[in-house]
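Enquirer: One letter stands for each residue in the lines below.
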Amino acid sequence: MSETSNRGRIWMEALAGKKHLAGLPQSVLVSDAELNGEPARFLAVVPNPNSRFPRVREGEVGLEEGWTLAHAIRETIEADKNGTKRPIIAIVDVKSQAYGRREELAGIHLACAASVDAYATARMAGHPIVSLIVGHALSGAFLAHGYQANRILAFNSPEVLVHAMGKAAAARITKRSVAELEVLAEQVPPMAYDIRSYAKLGILHKLLDVVNPDAPSSEQVELVRKEIVDAVIDARKGPRDLSNRLTSENALIFRKASLEVRQKLTEQWAKA
Amino acid sequence: MKNSTELLEATVDYRTRESFLELHARERAKALLDADSFRELLGPFDRVTSPWLAIQDIVPEADDGCIVAKGTIDGHAAVVVAIEGKFQGGSIGEVCGMKLATALELARKDTENGTPTYAVLLLETGGVRLQEANLGLALISEIHAQIMELRQHVPVVGVVAGMVGCFGGMSLAAALCTSLIVTRQARLGMNGPEVIEQEAGIEEFNASDRALVWSVDGGEYRVKAGFADLLVPDDARAVAKAVRHELAKGVPAVHRSSKVEHYRNLLAQMDTSRQWDAAMVAEKFGKESTK
Chain A
1 MSETSNRGRI WMEALAGKKH LAGLPQSVLV SDAELNGEPA RFLAVVPNPN
51 SRFPRVREGE VGLEEGWTLA HAIRETIEAD KNGTKRPIIA IVDVKSQAYG
101 RREELAGIHL ACAASVDAYA TARMAGHPIV SLIVGHALSG AFLAHGYQAN
151 RILAFNSPEV LVHAMGKAAA ARITKRSVAE LEVLAEQVPP MAYDIRSYAK
201 LGILHKLLDV VNPDAPSSEQ VELVRKEIVD AVIDARKGPR DLSNRLTSEN
251 ALIFRKASLE VRQKLTEQWA KA
Chain B
273 MKNSTELLEA TVDYRTRESF LELHARERAK ALLDADSFRE LLGPFDRVTS
323 PWLAIQDIVP EADDGCIVAK GTIDGHAAVV VAIEGKFQGG SIGEVCGMKL
373 ATALELARKD TENGTPTYAV LLLETGGVRL QEANLGLALI SEIHAQIMEL
423 RQHVPVVGVV AGMVGCFGGM SLAAALCTSL IVTRQARLGM NGPEVIEQEA
473 GIEEFNASDR ALVWSVDGGE YRVKAGFADL LVPDDARAVA KAVRHELAKG
523 VPAVHRSSKV EHYRNLLAQM DTSRQWDAAM VAEKFGKEST K
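If you read the sequences in order, they're chains A and B. The first sequence lines up with residues 1 to 272 when you count with the working numbering. The second sequence lines up with residues 273 to 563 when you count with the working numbering.
Each statement offered as a hint is correct.
Result set (SDA-like, lysine to any residue): computed pairs, CA atoms no more than 25 Å apart in a straight line:
hint : chain 1 : residue 1 : chain 2 : residue 2
1    : A       : K167      : B       : Q470
2    : B       : K381      : A       : L259
3    : A       : K81       : B       : S530
4    : A       : K256      : B       : A326
5    : A       : K85       : A       : L223
6    : A       : K167      : B       : A326
7    : B       : K381      : A       : S248
The set of hints was computed from the structure by calculation and includes no laboratory data.
With the hints as constraints, model all of the structure from the sequences given.
Expert: In structure tokens:
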């Protein structure tokens with residue numbers, strides 16, 4: 001049995017309605033909806049059991065997903081070229097990138113880079129980008145969909161996780177058992193799978209407590225919408241790069257090595 | 273530009289060539305910078321090592337497998353960042369990733385302050401270092417962001433020479449580069465063959481079929497299909513020459529990773545009812561891309 005998650009679609013529809021942009025692969029939901037009195041573009045990658053690419057049917061990010069995200073983001077950049085840069089909201093529930101022969105042959109690395117490119121281009125142009133992690137944010141899929149955001153929000157819920165690789169595969173590659181991996185994950189925060197450990201790294205903007213995230217009440221939806229609005233306001237006040245990830249309180253504790261590298265390299269660079 | 277590949281091949285004298293692949297990251301960086309201009313920053317004597325490996329009983333490396341070298345290329349300010357494929361498979365951990373991201377940031381700041389600084393990235397990496405999992409992934413997203421910033425002003429040239437190749441999130445970094453140079457011994461792909469076989473089955477990808485692996489990930493195919501720009505022989509001078517050739521082109525009007533409608537159209541024409549092979553995809557994708 002395959003495990004597919006509907007949470008991306010549930011939250012997409014709760015926040016931005018059921019009407020999605022037509023003419024795109026059904027695995028990519030794009031909606032324009034009002035957010036705090038202004039237009040915003042919402043994006044999600046969802047399972048499409050009928051996809052013509054067999055390796056993305058469970059919600060993976062593949063060729064069409066990467067290029068379609070890039071297309072939808074670039075459309076917004078173009079539309080706002082001379083006006084107010086509207087918020088772009090990435091709703092994230094992606095289990096992985098697509099593993100397949102067609103994908104590698106046709107350059108899934110470039111397709112995913114294209115959406116990274118589009119998100120970063122939008123951010124640098126002044127669009128506030130907010131990612132809302134409602135389920136899985138894994139590996140290359142998260143890089144392509146969500147990790148270029150100025151602000152990242154996540155549900156504080158046990159199924160929500162951010163990671164570089166699923167447990168079984170990570171254990172195999174690092175030559176450990178899953179049990180050993182779990183013990184290590186408790187001692188080494190960047191190796192942990194749960195979202196609270198991830199929050200320690202100082203990259204998350206905020207953890208959101210949401211009751212019943214698979215069937216949220218309208219009250220819960222409004223609460224989350226309010227958090228997105230606050231994150232948009234906060235993003236607009238800050239720089240257009242990702243430097244806030246290094247200035248957060250938790251980064252000062254858990255990214256000491258990052259900060260040391262940056263400081264020393266900057267000093268030596270000036271003298272070299 | 274296709275002719276330049278042959279041109280570069282033709283200049284190699286196999287009696288005097290110096291293998292680039294056999295060089296360590298530090299020597300590779302040296303080979304690309306102008307003679308005597310190499311200045312390593314945050315080198316092994318600074319001992320900024322990974323704080324996460326020792327607690328997992330893995331011996332850290334004094335440079336964390338990443339060489340940052342400032343210098344000049346044809347007299348032009350440049351930084352070369354070389355990932356050492358021999359340390360932990362060139363994987364990106366916190367220190368190594370931050371060295372790369374910061375080097376790009378500093379090159380951009382110098383560029384914005386009137387000293388345009390080229391960046392050359394030597395990418396021999398399997399992607400995220402799983403022992404530093406989430407920090408590795410975060411750093412890769414930050415490296416992506418820094419490449420995007422810098423390449424607006426000056427070219428960022430990537431080199432995948434081999435033998436590790438360039439995979440995972442760092443294959444996206446390679447794709448974001450202004451230009452990409454590969455050898456026949458290079459491999460470039462998002463997912464390595466073993467991972468695909470494990471996740472999708474042996475019918476999808478037989479990782480022990482070397483001919484298949486090289487036909488999909490190999491440098492020669494990547495150039496044919498338009499995912500890399502120059503195929504160079506395994507010769508340090510040829511690589512150095514190719515880097516200068518690509519840097520001299522400057523910043524293009526549209527980067528490869530921004531040619532969205534071009535690639536969407538190509539993909540729309542592809543028939544997914546049967547499996548694909550390299551010759552067929554190269555035929556469709558390899559034509560000179562316009563916007």
